[in-house]
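First to last, the protein sequences are chains A and B.
Residue 171 in my numbering is what sits at position 171 of the first sequence, and the numbering runs on without skipping anything.
Residue 313 in my numbering is what sits at position 123 of the second sequence, and the numbering runs on without skipping anything.
Quick caveat, the hints were computed from the structure, so don't treat them as lab data.
Be careful, since some hints might not be right.
Pairs of lysine-lysine, DSBU-like flavour, derived with a Cα cap of 35 Å [to be verified]:
no., chain 1, residue 1, chain 2, residue 2
1, A, K27, A, K94
2, B, K204, A, K170
3, A, K126, B, K210
4, B, K224, A, K165
5, A, K174, B, K246
6, B, K204, A, K155
7, B, K210, A, K137
8, A, K68, B, K204
9, A, K168, B, K246
10, B, K224, A, K94
11, B, K210, A, K174
12, A, K122, B, K224
13, A, K94, B, K210
14, A, K68, B, K224
15, B, K204, A, K126
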Amino acid sequence: MAYRVFRIGAQINEQETFQRICAGDEKALELIYKKYYRMMTKLVITNSGTEDEARDIYQEALIIFWQKARSGNLLLTSKISTYIYSICQNLWRKELDRKKRLSHEEKDTAQSLDMDSPEREKIIAKCLEQLGETCRKVLMYYYFDEMSMQEIAEKLGFANTDTAKTKKYKCKQKLDELVKIQYSPQDFLD
Amino acid sequence: MTNFELIDGYLTGKLNEAAKAAFEQQLAADPTLKAEVDLQRQIVEGVRQARVAELKAMLNQVPVGGSASFTNWVAGIAAVAVVGAVTLWYVSEEADVTQKDEIPAQVELAAPAPQVPYQAAPASPDSEEPKKEEAKAEPKTNVKEKPKAIEKNPVVQPKLDVVNPSDELNSDNRSDEKGVATVGTQTDSKTLEVKIISDGRYNNHYQLDQGVLILYGDFEKTLYEIIEIQSDEPLAFLYHQNRYYKLSGNSNAIQKLIAISDPQLISKLRELRKK
Numbered sequence: 001m002a003y004r005v006f007r008i009g010a011q012i013n014e015q016e017t018f019q020r021i022c023a024g025d026e027k028a029l030e031l032i033y034k035k036y037y038r039m040m041t042k043l044v045i046t047n048s049g050t051e052d053e054a055r056d057i058y059q060e061a062l063i064i065f066w067q068k069a070r071s072g073n074l075l076l077t078s079k080i081s082t083y084i085y086s087i088c089q090n091l092w093r094k095e096l097d098r099k100k101r102l103s104h105e106e107k108d109t110a111q112s113l114d115m116d117s118p119e120r121e122k123i124i125a126k127c128l129e130q131l132g133e134t135c136r137k138v139l140m141y142y143y144f145d146e147m148s149m150q151e152i153a154e155k156l157g158f159a160n161t162d163t164a165k166t167k168k169y170k171c172k173q174k175l176d177e178l179v180k181i182q183y184s185p186q187d188f189l190d
Numbered sequence: 191m192t193n194f195e196l197i198d199g200y201l202t203g204k205l206n207e208a209a210k211a212a213f214e215q216q217l218a219a220d221p222t223l224k225a226e227v228d229l230q231r232q233i234v235e236g237v238r239q240a241r242v243a244e245l246k247a248m249l250n251q252v253p254v255g256g257s258a259s260f261t262n263w264v265a266g267i268a269a270v271a272v273v274g275a276v277t278l279w280y281v282s283e284e285a286d287v288t289q290k291d292e293i294p295a296q297v298e299l300a301a302p303a304p305q306v307p308y309q310a311a312p313a314s315p316d317s318e319e320p321k322k323e324e325a326k327a328e329p330k331t332n333v334k335e336k337p338k339a340i341e342k343n344p345v346v347q348p349k350l351d352v353v354n355p356s357d358e359l360n361s362d363n364r365s366d367e368k369g370v371a372t373v374g375t376q377t378d379s380k381t382l383e384v385k386i387i388s389d390g391r392y393n394n395h396y397q398l399d400q401g402v403l404i405l406y407g408d409f410e411k412t413l414y415e416i417i418e419i420q421s422d423e424p425l426a427f428l429y430h431q432n433r434y435y436k437l438s439g440n441s442n443a444i445q446k447l448i449a450i451s452d453p454q455l456i457s458k459l460r461e462l463r464k465k
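Bound-form chain B, shown alone (with noise of 0.2 Å):
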């Protein structure tokens, strides 16, 4: 090994114990090498700085919300999500991180609000393989008739989004028709907000009340699509594992999910999705 290899292995802690500890001996004995060494460790730390300085630019481009203006905000999520959906089936097959189910109880209290899906969606510690076929279709935001709705809509909303969406569009000074509340905070009353249980006491059930939608069963572990009709009277369905089911709201009842047989909504619905 020349010096320069020896000097390198040192500072990014690839030399064997064996060779390290000679390196050192090395050390104590030349004044010469100890300052090269010390000079190297000075650049080294330098290119390291730099590094962490260009993250950090680069971080600082990122529209945070507040700031940011929401069509960038839109524009963004709905760029991320696609990405997401294109890379998400083969990257789930190797994917093999285990997560705990709980989170310190500290990160609830800073959590900016109840919508935070940590509660919503308790992590399953075994992971399983979203179903190919549908992990592959992109995300779609479509909006008919009126192209302004979408200012009203959050297109996409990815699972671990922690800041609210809605909290967004309220300080955009946008009235809230409904202003539909949860617990604590104000959500926007046409976003569904999702939540799953899936502790077993149900499965395949739902509960549709107030814009919240809870999802009984297991729902973690596969994509499910909410496709949300907004006319004088809101519909909503529900598309898992290639079944359609509706979702009729208000009753505040857990329900069972019963998948839709008519063929023509079937076909309405898959229209709708695949737009």
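Bound conformation, chain A alone (with noise of 0.2 Å):
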């Protein structure tokens, strides 16, 4: 006789994660990614996209919901699927858009605002991993996930938040000497 226990919270589920969102809890991002990676990507799919696009827009605007809710300006009125359908609905359509656009002006060289973006990005990419885990975390958590020092510092188990406080500004300072080093001169004058 084999035989199973399964137990089921329906609507509590739902809250629960979204705190735990909230509170940077990756575990749960990686949760809803797996509980909606299906549903989330078919809509791409299902409208001209490869699977590799639906997994890009499908993470994007999954990471668009982790940034807002962080950030605690996210009152969330419908359920977390709904929600971040919706981004990737409209994630999806401005791709769709830029890429007929692309097709339609092929001929007047596709004009690139920003072609050095990437670049720089690379640049700041290389210097931060330059910086240490603990400078790199304190910097990403300060500038994208938009967390208090109070909540860095009990991340990361510094003393108190005058230790975030001086650390982030340590950090920073180290992250801007290493970025001017490396940006050529032209790199300033645009």
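With the hints in hand, could you dock these two chains into one complex?
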């Protein structure tokens, strides 16, 4: 005889997951990612997208959701999935528009607004890597996740918010230095 | 405020209106400052992009079915469920997110299978706290005698799971013994599909037919458990709010949930749950 017990909490999971996301729990983000993967990627795939594009769009959307939830400005009035789905829709619509425009304007030398920007991103990414784990985390949490100093201190195990503040200041100074060395003079002239 | 703090505050939108206006005036008058702010903007943007890349890399590590092996999938779900149960009761105390009932039509269109628990679990706007003692317990996955049976059954089935586990199972070239047909898709006959209807028509009723269990009543807000016993004659029990109910199937009638009173059976079921 084999048996199994499974338990289900319906509404609770949704709220719990959202709370965890708001608290910056990356595991909860992974959980959501997995749960809605098929549903969200299907949206893109059935609308003339490839699987890679679908994954990209879904990840973008999820990260937008993450950042909004993290910053504390998101008042969720629908299900998480509904919300993410609508972001996916918007992103994919934009991407389709962009593609259409590109194919129309191919002759008018596709004008990219900022050709250098990926280059710069690469430079900054490289500099970030030189900083070391803690610095990197502090800066990312501060600038992207928009965590408070209190939250950063808790998350990274600093003694108090002052430590976090000092850390952030020093790490940023260090990053600035590194970037300024890497940047060629023309990069300043734009 | 130092220049550093000012620029940082400006770029992260932390300056108040007055400070922001003053800073922008300064910016217009001072090309050196402007250049520094532009550089700082790029750096901040670069840090954000690096974080996005990091999160994407993290997500790319998440097995999303299909390519992932089935064992990983079960282990992942089970682990997640354990974490969920442990953190459940304290989170739900402060949880205060109201959810709307509706889901846009297009979401349903895109959903992989009708098992998507939207229709099954209409969220109720008012959220109640789950019973603590129920939430504390861990989900268990137990298989007696035949360990290989674990491959046959997705052991834990979190409610939010949109990807129907049975899809996973079927794609693993498993043979379906019964192949219960639910609307439009094939479902593993061994896994009870649970739906909840809480529109007030029936309270504490159920219907068990062809592997689909419909619970009528207030099951949205509290945890419940389904205990399935797989033997020659499949048996299923419901545990809800400290009571046990036997679910007899295949009559296609909506039946009232009547709590089991047989102490022997109750203690047996309790044992199963505790394991």
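Here is what the structure says about each hint:
Distance check on the hinted pair: K27/A and K94/A sit about 29 Å apart at the alpha-carbon level, within 35 Å; holds. A C-alpha spacing of about 19 Å is found between K204/B and K170/A, which places the hinted pair at or below 35 Å, so the restraint holds. Straight-line distance between C-alpha atoms of K126/A and K210/B comes to about 31 Å, which keeps the hinted pair within the 35 Å bound. Straight-line distance between C-alpha atoms of K224/B and K165/A comes to about 25 Å, which keeps the hinted pair within the 35 Å bound.
Of the pairs offered as hints, the one joining K174/A and K246/B holds, with about 26 Å between alpha carbons and a cut-off of 35 Å not exceeded. About 22 Å separates the Cα atoms of K204/B and K155/A, which keeps this hinted pair within 35 Å; it holds. For a cut-off of 35 Å, the pair hint linking K210/B to K137/A stands: about 28 Å separates their Cα positions. Between K68/A and K204/B the alpha-carbon distance is near 16 Å, which keeps this suggested pair within the 35 Å criterion.
Note on K168/A and K246/B: the hinted pairing holds, with a Cα-Cα distance of about 24 Å set against a maximum of 35 Å. Between K224/B and K94/A, the direct Cα distance comes to roughly 32 Å. Compliance with the 35 Å bound is thereby established for this hinted pair. For the hint pairing K210/B with K174/A, the CA-to-CA distance comes to about 26 Å; that is within 35 Å, so the pair holds. Proposed proximity of K122/A and K224/B is supported: the alpha carbons are some 23 Å apart, at most 35 Å.
Taking the CA atoms of K94/A and K210/B, the gap is near 32 Å; set against the 35 Å cutoff, the hint holds. Between K68/A and K224/B, the direct Cα distance comes to roughly 29 Å. Compliance with the 35 Å bound is thereby established for this hinted pair. A hinted pair counts as satisfied when its Cα atoms are at most 35 Å apart, and K204/B with K126/A qualifies at roughly 27 Å.
When the structure is compared with the earlier hints, no violation turns up for any of them.
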